[in-house]
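Peer 1: So the chains spell out like this:
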Amino acid sequence: MTIDTGGTLRELRERKPLVHQITNYVVMNETANATLALGALPVMAHAREEVEEMAGLASALVLNIGTLSEHWIEAMLLAGRAARARGIPVVLDPVGAGATAYRTEAARRILDAVEVTVLRGNAGEVATLVGAEAEVRGVESIASGIEPAELARAAARRLGVVASVTGPVDHVSDGETVLAIANGDALLAAVTGTGCMSSALTGCFLAAKPQEPLAAAAEALAAFGVAAEDAAAGAAGPGTFHARLYDALAALDPETLDSRVRVGEA
Amino acid sequence: MTIDTGGTLRELRERKPLVHQITNYVVMNETANATLALGALPVMAHAREEVEEMAGLASALVLNIGTLSEHWIEAMLLAGRAARARGIPVVLDPVGAGATAYRTEAARRILDAVEVTVLRGNAGEVATLVGAEAEVRGVESIASGIEPAELARAAARRLGVVASVTGPVDHVSDGETVLAIANGDALLAAVTGTGCMSSALTGCFLAAKPQEPLAAAAEALAAFGVAAEDAAAGAAGPGTFHARLYDALAALDPETLDSRVRVGEA
Amino acid sequence: MTIDTGGTLRELRERKPLVHQITNYVVMNETANATLALGALPVMAHAREEVEEMAGLASALVLNIGTLSEHWIEAMLLAGRAARARGIPVVLDPVGAGATAYRTEAARRILDAVEVTVLRGNAGEVATLVGAEAEVRGVESIASGIEPAELARAAARRLGVVASVTGPVDHVSDGETVLAIANGDALLAAVTGTGCMSSALTGCFLAAKPQEPLAAAAEALAAFGVAAEDAAAGAAGPGTFHARLYDALAALDPETLDSRVRVGEA
Numbered sequence: 001m002t003i004d005t006g007g008t009l010r011e012l013r014e015r016k017p018l019v020h021q022i023t024n025y026v027v028m029n030e031t032a033n034a035t036l037a038l039g040a041l042p043v044m045a046h047a048r049e050e051v052e053e054m055a056g057l058a059s060a061l062v063l064n065i066g067t068l069s070e071h072w073i074e075a076m077l078l079a080g081r082a083a084r085a086r087g088i089p090v091v092l093d094p095v096g097a098g099a100t101a102y103r104t105e106a107a108r109r110i111l112d113a114v115e116v117t118v119l120r121g122n123a124g125e126v127a128t129l130v131g132a133e134a135e136v137r138g139v140e141s142i143a144s145g146i147e148p149a150e151l152a153r154a155a156a157r158r159l160g161v162v163a164s165v166t167g168p169v170d171h172v173s174d175g176e177t178v179l180a181i182a183n184g185d186a187l188l189a190a191v192t193g194t195g196c197m198s199s200a201l202t203g204c205f206l207a208a209k210p211q212e213p214l215a216a217a218a219e220a221l222a223a224f225g226v227a228a229e230d231a232a233a234g235a236a237g238p239g240t241f242h243a244r245l246y247d248a249l250a251a252l253d254p255e256t257l258d259s260r261v262r263v264g265e266a
Numbered sequence: 001m002t003i004d005t006g007g008t009l010r011e012l013r014e015r016k017p018l019v020h021q022i023t024n025y026v027v028m029n030e031t032a033n034a035t036l037a038l039g040a041l042p043v044m045a046h047a048r049e050e051v052e053e054m055a056g057l058a059s060a061l062v063l064n065i066g067t068l069s070e071h072w073i074e075a076m077l078l079a080g081r082a083a084r085a086r087g088i089p090v091v092l093d094p095v096g097a098g099a100t101a102y103r104t105e106a107a108r109r110i111l112d113a114v115e116v117t118v119l120r121g122n123a124g125e126v127a128t129l130v131g132a133e134a135e136v137r138g139v140e141s142i143a144s145g146i147e148p149a150e151l152a153r154a155a156a157r158r159l160g161v162v163a164s165v166t167g168p169v170d171h172v173s174d175g176e177t178v179l180a181i182a183n184g185d186a187l188l189a190a191v192t193g194t195g196c197m198s199s200a201l202t203g204c205f206l207a208a209k210p211q212e213p214l215a216a217a218a219e220a221l222a223a224f225g226v227a228a229e230d231a232a233a234g235a236a237g238p239g240t241f242h243a244r245l246y247d248a249l250a251a252l253d254p255e256t257l258d259s260r261v262r263v264g265e266a
Numbered sequence: 001m002t003i004d005t006g007g008t009l010r011e012l013r014e015r016k017p018l019v020h021q022i023t024n025y026v027v028m029n030e031t032a033n034a035t036l037a038l039g040a041l042p043v044m045a046h047a048r049e050e051v052e053e054m055a056g057l058a059s060a061l062v063l064n065i066g067t068l069s070e071h072w073i074e075a076m077l078l079a080g081r082a083a084r085a086r087g088i089p090v091v092l093d094p095v096g097a098g099a100t101a102y103r104t105e106a107a108r109r110i111l112d113a114v115e116v117t118v119l120r121g122n123a124g125e126v127a128t129l130v131g132a133e134a135e136v137r138g139v140e141s142i143a144s145g146i147e148p149a150e151l152a153r154a155a156a157r158r159l160g161v162v163a164s165v166t167g168p169v170d171h172v173s174d175g176e177t178v179l180a181i182a183n184g185d186a187l188l189a190a191v192t193g194t195g196c197m198s199s200a201l202t203g204c205f206l207a208a209k210p211q212e213p214l215a216a217a218a219e220a221l222a223a224f225g226v227a228a229e230d231a232a233a234g235a236a237g238p239g240t241f242h243a244r245l246y247d248a249l250a251a252l253d254p255e256t257l258d259s260r261v262r263v264g265e266a
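Protein chains in written order, with the numbering used here: chain V, 1 to 266; chain S, 1 to 266; chain R, 1 to 266.
Honestly, the hints are just simulated from the structure, not real lab data.
Heads up, the list lumps identical chains together, so a pair's fine if it works in one copy or across two of them.
Simulated crosslink set (SDA-like; lysine to any residue; CA at most 20 angstroms straight-line):
no. : residue 1 : residue 2
1   : K16       : A186
2   : K16       : A189
3   : K16       : P168
4   : K16       : E140
5   : K16       : I142
6   : K16       : R137
7   : K16       : E255
8   : K16       : G167
9   : K16       : A190
10  : K16       : A143
Just chain V, with the same shape it has in the complex:
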């Protein structure tokens, strides 16, 4: 496993992979714009009539349960199975798992039915899904009864995924190695959907580096964190930070990116 964030980003911008996203109403515009700014092509499609066809055209699929209803879960299951049948990587963002039984169950149904490649969530959400103690208030993780590095490793093992647990420091694990990513800025927590954006960008990096999901997941968070650092410099608050975040994603320079990435084994 090699962390080469700049190299993966260069590859992604050359190939412009299509990333199919079935996500929540709150952040659709934001994750599409983050995907475009990074250099990939987003497509949003949720109708049962077309999700299998669309997933089959894509280089990665991102499932996000942030504003669920029954039809959407069914579409996610259809798309997820279609993607995996063709070897396309799948990211699951279990938004709000632990907050309501419906969300926890929906996340479990998807994990059971779809061979998820990367599970990207906050500590409370991921802890809920591995059966550890957690407190989730709405879509915010308040507390988890387990250290994040250990949580990432445990989730990877028990759920058979690469687990990507974001927080002040992010932790990504395949069940053996745990990588800690220390990029980012506190303003990320002041804008809704930045967690969802990190899942979308995880899909983009997986599309460019499907054979190494652990590295791709870590690189996605590192790149997003560096962009957040750039966006925060000069931002007057969460609104201008948010606009500048897309500028910063578009301006990420593959040549210098790895000099700024702070990834290490945890």
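Dock chains S and R against the given chain V, drawing on the hints supplied.
Peer 2: Chains S and R in isolation, oriented as in the chain V frame:
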């Protein structure tokens, strides 16, 4: 009743209440970001399977009929009843009541079935719901055949709510007192969803001051108006004003806020 | 036919026409804000219970299939027929036609059932609908086997519409005349929903100049392109460009607009 906008804001930022919002597709991102920027935690959830549980976890519930359909009305009724059964305040934003019969009826169904705490709308929408003459074009209030102070008082009495009627000057009433709030900026009318944001922020202030809904509703509009004044200073138009509005909400200073608030009895 | 972009814009701002939009979840906020910034009034409504009434109140209807499902197609058919029965112009944006069979069929169903005034799409989408070879990846046009000027003319003739094909240079045709519009900026392709915005603005211009759909469609693209040029000057990337785009739409000056418009017969 005491207007203490800074004190309520300080309380809100310490407690970070969860504000459950069942709102329209157009503004979900915007009301979530306004809620976060102010200092509370938003959660969007509309599935019938989870709205009662989510509303029960929240400190306030905001219902907004801006992009209606039948499933969403049912979810609003379920969530609204669950919230009131637990004493959680409910804000209703009757977007477009008066424009189509479906919207007028939906707003009436919610007012009949849910003990709404604060009804926050424009003059045309509120006038429609009290049976006064009104002209609503789409979601814009064009004319109302009644003075806004009197309209707020009449709506409060007839509908058994705190009525919050926004416009160039806002008027809030519990049926006895009428408060006029003279903060704000004309650019608010150039950005979609600023009315919806004012409803979301009303929910936030109610969550921090549930025992005084009249004061909380007035404080919410005053705080939002002050933020709009700050955002407008230096904005080059509606787009940069919009980004700066979140900066300004986050930068509201509880120490100095009341010196800028223009609230008085009408 | 006279191109008088400034004159149509002045008319639009005086009348503030209501533009009913049944559009996709990704861009609803953006097309509403573009409509408001230009000077018209947007309304989003998709429930079968109200779309006919709302369309009947509007001066133009914009249908956009970007995030389809069956209920939404039905609503579009109902609204489209109601609009045309009252002589209200209808814009169709066939987002992603050619990417999946479901989207291609949905666009065809609407074209068959509704007398569409202007079809606004990218080259791949429009080529798909005239039966020409095309490559559409997600919602991006990759290639079309026909020159854009000829494509616009052929689409207008075969589909009985004014065809508005956007790209680096836009082409609009009524089947006889083909107009080329050379305004715009490359940053438009870095922000999601700018194609959808151009469809919404086409609806605004049609509302102001319904008797001349070819000229109105060209003027809408020219005005949007000029705004994009203004927004790009000084933007640091796609995020700040996006915020500045609304500023620029609001700042368009009817007095000087036509001196900047680059429209000519192709």
